[in-house]
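Residue numbers (numbering that gives the first Met the number 0), protein chains in the order written: chain V, 0 to 118; chain P, 0 to 118; chain U, 0 to 99; chain C, 0 to 99; chain E, 0 to 118; chain A, 0 to 118.
Don't take each hint at face value.
[Unchecked claim] Have a look at the derived ranges for each label pair, beta carbon to beta carbon:
(1) Q92/V to K69/E: 28 to 34 Å
(2) H53/C to D81/U: 40 to 46 Å
(3) E65/A to K98/V: 31 to 37 Å
(4) R87/E to R87/A: 47 to 53 Å
(5) D81/U to K69/E: 18 to 24 Å
(6) A71/P to K54/E: 18 to 24 Å
[As the list claims (entries may be wrong)] Mimicking DMTMM-like on lysine to aspartate or glutamate, the simulated pairs with C-alpha atoms at most 20 Å apart in a straight line are:
(7) K45/U to E56/C
(8) K72/C to E56/C
(9) K72/C to E84/C
(10) K72/U to D54/P
(11) K25/C to E111/P
(12) K72/C to D43/C
Simulated from the structure, these hints should not be mistaken for laboratory data.
Cβ atoms here follow ideal geometry from the backbone N, Cα and C, with glycine treated the same way.
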Amino acid sequence: MTDSILFIMTKPPYGFEEFFAGARASLAMLASGLIGRSTLLLVGDGTLNAVASQDPSAVKMPSNIEAINDLADFEGEVYCIADDLKSRVGEVQVIDGVKMVSWDKARELVSEHQMITTF
Amino acid sequence: MTDSILFIMTKPPYGFEEFFAGARASLAMLASGLIGRSTLLLVGDGTLNAVASQDPSAVKMPSNIEAINDLADFEGEVYCIADDLKSRVGEVQVIDGVKMVSWDKARELVSEHQMITTF
Amino acid sequence: MTSILFVMLKSPHENVNLELVDELGKGSKKAALLFEDAVYYAVDKKQGKHLSEHVDEVFVMADDLAARGFKGKATGMFKEIDYPEAVDVIMERYDRTVTI
Amino acid sequence: MTSILFVMLKSPHENVNLELVDELGKGSKKAALLFEDAVYYAVDKKQGKHLSEHVDEVFVMADDLAARGFKGKATGMFKEIDYPEAVDVIMERYDRTVTI
Amino acid sequence: MAKTMVIHLRTGSMMSMDSNVAVKLARAALEKGYNVHMFGYGEGITVIKEGQDPKRFPNVGKEIGELAAKGMTVVVCETCCMARGIHRGEEVKGTKVGSLTNDFSKFIKEGDKMITIAR
Amino acid sequence: MAKTMVIHLRTGSMMSMDSNVAVKLARAALEKGYNVHMFGYGEGITVIKEGQDPKRFPNVGKEIGELAAKGMTVVVCETCCMARGIHRGEEVKGTKVGSLTNDFSKFIKEGDKMITIAR
């Protein structure tokens, strides 16, 4: 019996459908009413999904910003490893609702969730 | 009009079908009678396909050794970057017919072939 | 304390998420379970050393290692196992699996 | 002398074949053409520096850069282009394309 | 009560050996008496396509059908199927085209451990 | 005579944005007056599957059909199709299920430049 799941998001936006697919899966967990907590953790290239200035209309892809906003409607949490984003693209503005965190917080999230999956 | 093609093989054996697929494509070039020279160059993880002791029956995959032997029947050449293999698994015996070469030879191959593709 | 089993499928040269082992595993009991091209960690001295410095034990699928030509060559911390044992490792011995 | 256009589609952190640029391109006129996640080379200082040290020019697909939030941010050797220009680069300006 | 293994598969049947790993894990878990739920998402949905006929590679579709007959529950995402032009009625017997909200969330809820097979 | 671009596509229609890059390159090349030959191999064969209906992502099958109508030659590998359970008759109108030996080798022969789109 599992009541909580952590989605570790490792893929950058718009080259793959992975981020969108993972965010949708996390939303489905919350929408189902069966899983109490479903959380995203952005790591590595996955942190690039937090960049506020993204514009998926340029390549006609569905928006990862909207996917994150949809999660907020169901009280889904979204965390992002601050150092991984900074080491890639420096200081940039991030999407509202994404919490920038350190690996200490990531380790807490791993302990707090019963299952972990990777996208 | 193209008469020669170089296949750069980058993927390790048996995790992906890529090596087998690339070797088959190279064989098809020679078998077609349309392309005079079709050559394999193993680089990076692709060099691991040259290991003589491989045993694909353990995972029920078609044999990359046979795929290389089939090429020899059509006078297809197979080259492998010696340093890349050694840096991964040390000194190992390699399949008969695979020529161990340096990057100097690889650069020659690039000049000698009109088209280059990657597997 | 949460124990973590890191599941790895990619070649040492292809895997870009080793940081997860280093960082998420800190302070936990942790192991790696190697499938497919990840079994090369068992025979690649440099990459194998890196991995073994970050985990407490490493399980290597014997069939994948044999297919690649290195049957019985896993040494030290690297232990060759079959599928029934892999199931046991996943289901009974660790609290979480994290595929990287 | 053969000129080479290296075609790149993967993120700087995901690409394991940069060695091909370093080695195959030695002594040649060479460029990189960046699609999809490879456009991050244009805005990732460390990875971008590495690439620009190995090629003579770099073309970056403008739509992919814009999608990722960095429209107009390519600087220095990195030149934003559209698809018609990419076709021109592939068909007319270089002898060989090598996808890595 | 027997524990439940959830296999979250996101690699296509021929993309790599991932789907074979999923099959081998599922078989071993069933034989040890565990319940096994497999959810195919993204490219992973292709494993349930009927009529797969890979000449020299393992036939994943056939093996999945056999495991379903032995008690494994197999569901794949319908949206992902439609995106790829695979329609309800084209699935291997014993498998189901379903959804994230109705099926995957239930698998997670009932699951004791999950293993994610993806690249 | 117009030069010929060969697009060697080995990524599936939904695996990543690769197939969209292939489509955009093909369209731009056709509009500039080049001949374009596209060969789908491995996962790349999935782009010609009829009935693709990705709700929010670009519809690659439809776009390939449109480009075929504008003069692009599109052939995919039959062995790869059979392996995935896709059969002759399921291809988008204007595209062809063919072979390495008869079609890809001819594309290479006729081609001036080739671009490989693969991961």
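Each hint, compared with the structure:
no.: 1; hint: Q92/V to K69/E: 28 to 34 Å; result: 53 Å, violated
no.: 2; hint: H53/C to D81/U: 40 to 46 Å; result: 44 Å, holds
no.: 3; hint: E65/A to K98/V: 31 to 37 Å; result: 44 Å, violated
no.: 4; hint: R87/E to R87/A: 47 to 53 Å; result: 22 Å, violated
no.: 5; hint: D81/U to K69/E: 18 to 24 Å; result: 19 Å, holds
no.: 6; hint: A71/P to K54/E: 18 to 24 Å; result: 22 Å, holds
no.: 7; hint: K45/U to E56/C; result: 34 Å, violated
no.: 8; hint: K72/C to E56/C; result: 16 Å, holds
no.: 9; hint: K72/C to E84/C; result: 19 Å, holds
no.: 10; hint: K72/U to D54/P; result: 14 Å, holds
no.: 11; hint: K25/C to E111/P; result: 15 Å, holds
no.: 12; hint: K72/C to D43/C; result: 11 Å, holds
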